[in-house]
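Could you build all of it, start to finish, from the sequences and the hints given here?
Chains as they are written, first to last, in this note's numbering: chain A, 3 to 453; chain B, 3 to 453; chain C, 3 to 453; chain D, 3 to 453.
Simulated from the structure, these hints should not be mistaken for lab results. Check the hints yourself; a few may be wrong.
No distinction is drawn between identical chains; accordingly, a pair holds when it is met within one copy or between any pair of copies.
To be verified - Lysine to any residue pairs mimicking SDA-like chemistry, simulated, CA-CA at most 25 Å apart:
no.	residue 1	residue 2
1	127	49
2	20	105
3	347	217
4	377	192
Below are the chains, spelled out letter by letter.
Protein chains: 4
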Amino acid sequence: MLENMNEKCAVVGIFGHKEASKLAYFSLHALQHRGQEAAGISSSDGQKLHTIKDRGLVMKVFNEEKLATLSGSSAVGHTRYSTAGDDSILDAQPVFARYDLGEMAIVHNGNLTNAEEVRSALIKKGAIFQTFMDTENLIHLIAKSQKETLTDRIIDAVNRIEGAFSLVFLSRTKMFAMRDRHGFRPLSLGRLPSGGYIVASETCAFDLVGADYIRDVEAGELLIFEENKAPLSIKVFEPTPKHCIFEYVYFARPDSKVFGQSVYQTRKNMGRELAHIKPIKADIVIPVPDGGVPAAIGYAQESGIPYELGIMRNHYIGRTFIEPTQEMRDLKVKMKLSPMAEAIKDKIVIVIDDSIVRGTTSRRIVKMLKEAGAKEVHMRISSPPTTDPCFYGVDTPNKEKLIAANMSVEEICAFIEADSLAYLDEAGLLRSVNATDDRYCTACFTGNYIV
Amino acid sequence: MLENMNEKCAVVGIFGHKEASKLAYFSLHALQHRGQEAAGISSSDGQKLHTIKDRGLVMKVFNEEKLATLSGSSAVGHTRYSTAGDDSILDAQPVFARYDLGEMAIVHNGNLTNAEEVRSALIKKGAIFQTFMDTENLIHLIAKSQKETLTDRIIDAVNRIEGAFSLVFLSRTKMFAMRDRHGFRPLSLGRLPSGGYIVASETCAFDLVGADYIRDVEAGELLIFEENKAPLSIKVFEPTPKHCIFEYVYFARPDSKVFGQSVYQTRKNMGRELAHIKPIKADIVIPVPDGGVPAAIGYAQESGIPYELGIMRNHYIGRTFIEPTQEMRDLKVKMKLSPMAEAIKDKIVIVIDDSIVRGTTSRRIVKMLKEAGAKEVHMRISSPPTTDPCFYGVDTPNKEKLIAANMSVEEICAFIEADSLAYLDEAGLLRSVNATDDRYCTACFTGNYIV
Amino acid sequence: MLENMNEKCAVVGIFGHKEASKLAYFSLHALQHRGQEAAGISSSDGQKLHTIKDRGLVMKVFNEEKLATLSGSSAVGHTRYSTAGDDSILDAQPVFARYDLGEMAIVHNGNLTNAEEVRSALIKKGAIFQTFMDTENLIHLIAKSQKETLTDRIIDAVNRIEGAFSLVFLSRTKMFAMRDRHGFRPLSLGRLPSGGYIVASETCAFDLVGADYIRDVEAGELLIFEENKAPLSIKVFEPTPKHCIFEYVYFARPDSKVFGQSVYQTRKNMGRELAHIKPIKADIVIPVPDGGVPAAIGYAQESGIPYELGIMRNHYIGRTFIEPTQEMRDLKVKMKLSPMAEAIKDKIVIVIDDSIVRGTTSRRIVKMLKEAGAKEVHMRISSPPTTDPCFYGVDTPNKEKLIAANMSVEEICAFIEADSLAYLDEAGLLRSVNATDDRYCTACFTGNYIV
Amino acid sequence: MLENMNEKCAVVGIFGHKEASKLAYFSLHALQHRGQEAAGISSSDGQKLHTIKDRGLVMKVFNEEKLATLSGSSAVGHTRYSTAGDDSILDAQPVFARYDLGEMAIVHNGNLTNAEEVRSALIKKGAIFQTFMDTENLIHLIAKSQKETLTDRIIDAVNRIEGAFSLVFLSRTKMFAMRDRHGFRPLSLGRLPSGGYIVASETCAFDLVGADYIRDVEAGELLIFEENKAPLSIKVFEPTPKHCIFEYVYFARPDSKVFGQSVYQTRKNMGRELAHIKPIKADIVIPVPDGGVPAAIGYAQESGIPYELGIMRNHYIGRTFIEPTQEMRDLKVKMKLSPMAEAIKDKIVIVIDDSIVRGTTSRRIVKMLKEAGAKEVHMRISSPPTTDPCFYGVDTPNKEKLIAANMSVEEICAFIEADSLAYLDEAGLLRSVNATDDRYCTACFTGNYIV
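So, in structure tokens, the structure goes:
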């Protein structure tokens with residue numbers, strides 16, 4: 003129940019389909035779990051780009067009439083998570099620009115680590131920035147590049163940025179997809195049933211529109227889509243993969259494939275591995291829904307302890323505009339999650355969650371289970387302690403708010419008032435995702451950032 | 003996945019709490035799964051009743067300001083499912099009336115089988131009906147009763163109506179809760195942490211507001227709540243229980259207790275029983291979420307076949323305002339449910355659902371699983387074939403639309419294109435709910451209606 | 003600028019037009035000035051009545067889809083002003099009822115003076131009241147009448163009520179229009195271009211839909227509309243006209259004809275008469291828009307003093323959700339009205355308004371004009387001092403809040419800080435409306451109520 | 003009734019008031035008639051600029067909470083008229099940019115005639131454009147200027163642009179107001195009651211917030227506002243005034259002063275002048291509301307023909323979502339305007355409007371007046387025939403849609419079916435606005451554009 007870590011964005015690109023924006027729209031629905039604050043689509047009809055973007059869910063931003071104005075056979079889309087602050091209307095994507103080669107629209111998932119530096123240099127040379135998105139750097143770098151073709155300019159531009167980026171560019175006649183040299187954030191390539199192409203942050207978008215998964219866009223690879231041609235691949239950087247392992251732990255949808263593997267299977271593996279950490283004789287294994295479900299199933303299968311639906315997630319959650327009375331403390335978590343009292347009562351319960359960020363939700367869950375009659379509550383986490391913030395596109399709290407950065411496992415256990423607590427270790431996590439080399443970024447667990 | 007059968011309503015009553023309407027409001031959130039079309043609350047401040055009701059979700063109908071106008075220490079609330087038709091604004095509950103004894107507000111879950119008859123008789127005597135709710139009969143019967151006290155009039159009134167009714171009445175100083183002689187629909191009694199009382203359709207409302215379950219309001223019982231007194235019980239009818247067994251199968255929230263038993267446990271039992279019907283050697287057991295989950299867990303435990311999360315339910319469902327293109331057929335079900343391809347591929351899959359109404363959704367699910375790579379798909383239903391419509395408060399399609407009323411199990415299996423299909427039999431269902439006598443209404447499976 | 007007196011309602015009925023509800027809808031737009039809180043239409047398709055009503059402006063309550071459900075060739079509509087209070091959702095009209103003769107829908111403009119009495123008697127006999135509208139009395143009286151035909155029952159019912167009522171009833175096959183014996187509130191009859199009929203509170207509705215004015219429904223007259231027949235007239239009461247003179251002063255739209263006369267002309271007459279009351283040598287005559295315009299034109303023509311647009315009414319009025327700072331006092335009136343400084347500066351100004359209720363708005367207007375540079379401000383009111391509340395369908399403040407009930411004209415003049423103040427006298431008002439007998443109710447000026 | 007010509011924008015700047023954004027907000031309400039499509043405010047708290055802007059009316063874009071985030075003692079605001087097309091979310095103003103000197107926000111009323119040229123040159127040098135507003139040129143020119151101070155850069159920038167611009171710039175510590183050398187669009191300077199300053203497109207904004215008019219910002223003048231200093235004036239261009247005469251004819255609010263003169267007085271003057279053009283013996287003079295009112299008053303005073311309120315403007319206009327039936331032709335104009343039949347019947351009517359653009363509305367008005375019984379309808383227009391489009395900030399139809407560009411006065415008269423038609427001539431118009439030299443742009447009447 004990662005209430006305080008959020009994937010920042012999802013991207014999609016459609017090329018070579020007469021209803022490109024419609025497919026992009028459906029894809030954004032599938033990717034909505036990666037960002038609910040704003041959504042947008044740009045399409046190209048060959049002559050001109052059309053853009054609609056706004057705050058709010060995909061469902062709210064678009065309607066039939068609006069979608070109809072996004073004509074053309076190529077489109078890029080974006081859905082974003084946004085931190086509060088100044089009016090964020092301009093911070094929706096795609097970022098659109100007219101420049102010397104024409105028009106372009108860019109969608110970006112990730113975070114540029116040298117954004118301030120690049121921006122300062124650009125500003126010194128007379129550039130102006132109209133938004134607070136680091137993506138704006140890219141359109142400047144492309145516009146200012148001395149190269150002649152857009153392809154060369156994109157290559158030029160991405161050579162000047164550092165950090166995490168899975169990008170899709172749309173020009174009037176072409177589409178480009180690009181991942182940083184480490185491939186921090188996912189980006190997959192698929193084939194539309196009618197022959198065009200789709201790239202998207204997660205393959206669940208492919209499934210929805212009936213596309214077939216071909217392969218991932220490679221770390222460091224630039225893919226160029228042009229009419230009546232197969233996508234052209236350019237190796238812009240020598241790949242040194244550092245895929246975000248947290249995609250497997252929490253972010254990605256379990257029915258997606260990211261970095262070439264089924265998310266669901268890796269989560270089940272984590273549960274299986276976790277079953278060997280501080281094993282205890284319990285009556286039942288239950289997940290914190292929905293995130294903990296696959297790991298709990300894996301844990302139950304490995305340990306032989308029965309799996310139960312011990313906590314239910316409610317669908318009609320009222321925004322609690324009214325302050326609950328004293329006797330209704332813990333109402334907020336209860337409106338979201340309810341214990342299945344009969345299944346829990348007098349039982350020794352192992353409860354599986356994917357991670358602990360601040361600890362307050364875990365504490366409420368333990369309390370709720372005990373009040374529902376659990377004899378003992380043993381919390382098991384299907385990832386290592388989250389000790390360090392992410393700089394590659396995930397919204398994490400400051401280190402001082404990450405409970406695992408400030409307390410030992412024993413102290414956390416005491417804080418959340420569980421009878422025991424254990425985390426999956428890094429080795430187990432790596433085995434779960436079939437890591438045979440150092441291809442995953444585990445900085446949020448280890449503090450080992452790529453320089 | 004009962005898309006075509008709907009519980010019609012939920013009721014709640016709060017007595018003896020200074021924030022009665024606030025507790026009613028929270029309770030309606032917990033009961034929202036029983037009706038999403040309209041919601042309302044009436045409160046009494048001892049002098050006057052206050053009512054707010056409107057179309058829409060609880061969250062939309064109320065806000066802090068509105069709730070503040072519902073002052074007083076007692077309140078009744080209602081959330082309703084509504085069939086389309088004429089403007090239904092007047093068909094929200096509570097039904098309010100001023101009459102010779104003062105003011106009253108009534109909330110009702112159920113369906114009166116002699117409503118037309120009673121209404122005709124009342125109309126002949128000069129009564130007027132301003133809504134299309136059978137509940138309006140009750141306020142007329144109470145107003146016209148020759149008895150002196152409200153208690154006697156309620157008893158008089160309920161003696162003239164037939165069918166299913168779980169009712170809560172609010173007067174300026176008292177609250178009354180009543181169930182029909184068969185106790186078709188559930189109604190439970192709880193104690194608020196601060197000493198007052200709550201009655202509600204399901205105990206999940208108790209859990210949310212921190213109330214303790216005391217017991218069910220009995221079939222045929224009238225409970226009278228008065229200040230500074232214990233609730234007074236009057237046996238209005240000799241109880242002949244015929245509890246709606248479908249509450250266990252589908253309607254009630256799994257974390258609720260209805261008719262004195264845990265819904266979750268009975269659903270798991272159904273799964274266990276189902277494991278003995280037409281057993282096959284399968285690789286995995288998966289539920290149709292969310293309804294099929296408890297039965298699938300029970301089935302897996304009993305059969306020893308591994309439980310998997312084979313289908314995922316999506317939370318950000320777009321209203322499909324645009325007609326999907328030909329190549330996006332089946333998009334609608336896919337936006338709601340996605341297969342976990344990796345878990346299913348090349349597997350013999352048993353998929354558990356709670357019921358089949360029209361068959362079209364089941365057909366889409368089978369198709370989706372096969373397209374995701376399932377080697378065989380065996381559908382198992384944790385209740386008997388639904389062959390007959392309900393007259394006791396459930397919205398069912400006409401008999402000609404109930405697939406099981408028109409096809410044999412073999413024919414249904416062929417229609418949904420499953421490799422095999424089996425239903426739980428009535429005996430197994432009755433064992434699952436620990437029926438030692440004929441206390442359950444199974445008319446929707448058997449056509450044996452109570453006369 | 004009568005901010006504190008409000009006409010309570012408008013009614014319309016359409017008979018014999020295949021798009022009856024559409025005409026009713028357009029008519030309600032024209033009548034919207036008489037009530038902005040709620041709107042509704044009932045139509046009859048010959049078999050069944052259809053009703054849609056809700057809070058809000060006509061524009062918001064209806065849309066194309068909703069209007070399409072109101073099929074049939076007859077319809078009644080209502081738009082209402084509503085006092086705040088409990089949730090007023092049920093207090094929208096038409097009032098619909100099923101009763102022993104079938105179905106009916108009623109719309110009502112006026113106020114029944116014996117409503118409580120009638121209600122109590124009905125309640126004693128077992129009736130129940132579900133709303134707070136006195137109109138509900140009528141459906142009870144009709145339903146309970148022992149007469150056989152609806153016509154006789156309506157006659158029976160209106161014989162039991164007292165006060166002001168302009169009513170339109172709709173049954174499945176007929177429409178009835180009725181005014182009380184005094185004809186307090188207006189109701190006119192017109193012919194649709196295609197041959198059907200329209201009745202409406204004001205003739206501006208006729209103009210919008212292209213209908214021709216035939217005559218007023220008479221005081222005490224019941225008109226019965228039936229297919230393929232001319233409207234049948236029944237004199238239910240001997241007419242003793244007491245038309246609301248305030249319709250001419252303020253309520254009615256100037257382009258309407260009410261009680262057989264042009265509202266615009268009577269208002270101009272009031273201005274002409276007013277020119278003879280306490281005449282002074284002024285530079286300009288200006289109206290308080292929009293109400294004071296016709297009287298100001300009349301005043302200017304009669305006095306020879308130039309008419310100017312001295313105050314402008316603004317169309318984009320922001321709801322002042324923020325408290326204006328101290329230096330922005332009077333901001334509220336300024337957002338609504340702005341002085342035409344150049345026209346006013348150094349001028350002796352006569353400002354014409356239709357009435358003064360509490361005096362606070364007049365005070366702000368005088369202040370605003372003086373701040374804009376007026377040398378002197380002389381307030382002239384085109385009606386006598388409003389000293390008494392209305393019981394016949396107008397929402398007036400309590401007597402203690404009516405400034406003219408508590409202060410002399412001199413005191414009011416001092417309070418509003420005008421250089422002089424004069425009101426039209428009763429005789430002048432009566433001449434303005436061509437009163438040759440006592441056919442007008444002037445109770446709000448005289449306290450002479452009809453008993 | 004200029005339905006087809008629209009002022010494009012209004013600007014406001016507040017400097018030196020602790021509730022600067024609140025004053026800007028109120029000012030935008032007063033200026034809302036100049037643009038209803040989008041609104042925005044940027045404020046500076048000395049360290050940082052804060053911006054909120056969105057589509058919709060001022061009332062909708064802001065609420066108390068949002069306004070509270072716009073802290074600081076200086077603010078600029080904008081309200082805009084927007085042509086339909088691509089999603090215009092980015093085309094709201096203020097335009098915000100971070101650049102090498104920090105942050106700036108700009109609001110602009112006008113139109114740059116060399117925008118495409120400037121943009122192309124900028125783009126060639128590597129600039130990117132993210133919106134479709136010509137205002138974006140300015141931030142680029144300022145950012146790229148080699149001058150050291152913002153003041154010098156603004157001067158540098160405005161030297162490169164041509165056309166109409168009334169601008170307000172906000173930096174962290176200063177505010178700048180600037181008008182083009184011709185002073186096409188208005189911009190006035192006022193003093194806030196507490197000592198700070200306001201600049202706004204029209205003085206009606208001053209009146210609302212209690213500010214005193216000081217003088218106009220001069221054509222070609224740059225005003226610099228700095229804390230604790232009197233505004234510094236720099237004559238950037240030698241002024242060659244060409245004020246938009248249409249501000250007097252139609253755009254500005256009559257209670258405003260623009261270009262140093264009362265709008266109301268000039269409109270009355272136009273009416274007086276018009277009375278001498280093709281005079282006829284008529285019974286009454288009536289305005290087309292609201293635009294024609296001052297001229298009609300002037301006409302009546304000069305001619306001695308009585309002024310009447312012959313047409314009423316309705317406030318509750320329904321969007322006509324439903325196609326009116328054949329018998330309801332002309333319904334659309336009737337919902338907006340209604341004739342005062344009694345005042346018009348059998349009269350020879352002179353109807354005054356400010357201009358005719360396409361002619362269709364005039365035609366409907368004449369028809370409506372005749373149907374209301376007018377014996378003769380003589381249309382008089384208080385400006386010369388509109389023959390040429392505007393390039394200085396007004397949204398005009400193409401020349402082929404301007405009826406006066408394609409028909410003679412006689413032909414127009416025949417088209418609108420009036421008994422006679424006359425326009426004010428240019429000389430009369432110039433006298434009305436007290437033009438003693440060529441200080442007004444009359445290009446829309448003459449085609450004499452400033453090069």
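| Looking back at the hints listed earlier, which ones does the structure fail to meet? | As far as the earlier hints go, not one is violated by this structure.
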